[in-house]
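Given only the sequences and the hints, what does the whole structure look like? Please build it.
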Amino acid sequence: MAQMVNQAKTENQVNEDHLAKLVQLVKKAFVQNIVLMMVAFSLKMVLFVDCHRLLLSLTDNFDEIYHSIIYFSLMLLINE
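If you use full-length UniProt numbering, the sequence shown corresponds to residues 1 to 80, in order.
There may be inaccurate statements among the hints.
As the list claims (entries may be wrong) - Simulated restraints on C-beta separations: (1) 76 to 28: 23 to 29 Å; (2) 34 to 3: 18 to 24 Å; (3) 78 to 23: 30 to 36 Å; (4) 75 to 24: 16 to 22 Å; (5) 79 to 30: 27 to 33 Å; (6) 32 to 6: 25 to 31 Å; (7) 7 to 32: 17 to 23 Å; (8) 27 to 7: 26 to 32 Å.
Hints listed in this document are in silico derivations from the structure and should not be mistaken for laboratory results.
All figures in this text were calculated on a predicted structure; none of them were measured in a lab.
For each residue, glycine too, the CB sits at the ideal point set by N, CA and C.
Have a look at this one:
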């Protein structure tokens, strides 16, 4: 019984670590692109370029974000 409790705690910690990493990636992409858009706006540049950069940075991290979402969805289904 104690082993099952320890295993559940370990799995929860792994889940929390994956979630924290996912949140960190999204925050990083968001903050970087907000800064780019603010600079572009202050310089009166066309925001289309920065929107394109936003899309590119999100697609750079898309695979990792996508796999994390699938992982957590499966964990939720398994735990139900």
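A quick look at each hint next to the structure:
At about 25 Å, the beta-carbon gap between residue 76 and residue 28 stays in the expected band of 23 to 29 Å. The supplied range of 18 to 24 Å is broken by residue 34 and residue 3, whose beta-carbon atoms lie about 46 Å from each other. In this structure the supplied range 30 to 36 Å is violated for residue 78 paired with residue 23, their Cβ-Cβ distance being about 22 Å. For the pair residue 75 and residue 24, the supplied restraint of 16 to 22 Å holds, since their beta-carbon distance comes to about 19 Å.
Taking 27 to 33 Å as the suggested C-beta distance range, the pair residue 79 and residue 30 conforms, at roughly 29 Å. Against the hinted window of 25 to 31 Å, the Cβ-Cβ separation of residue 32 and residue 6 comes to about 39 Å, which falls outside the hint. The given range of 17 to 23 Å is broken by residue 7 and residue 32, whose C-beta atoms sit roughly 38 Å from each other. The supplied range of 26 to 32 Å is met by residue 27 and residue 7, whose beta-carbon atoms lie about 30 Å from each other.
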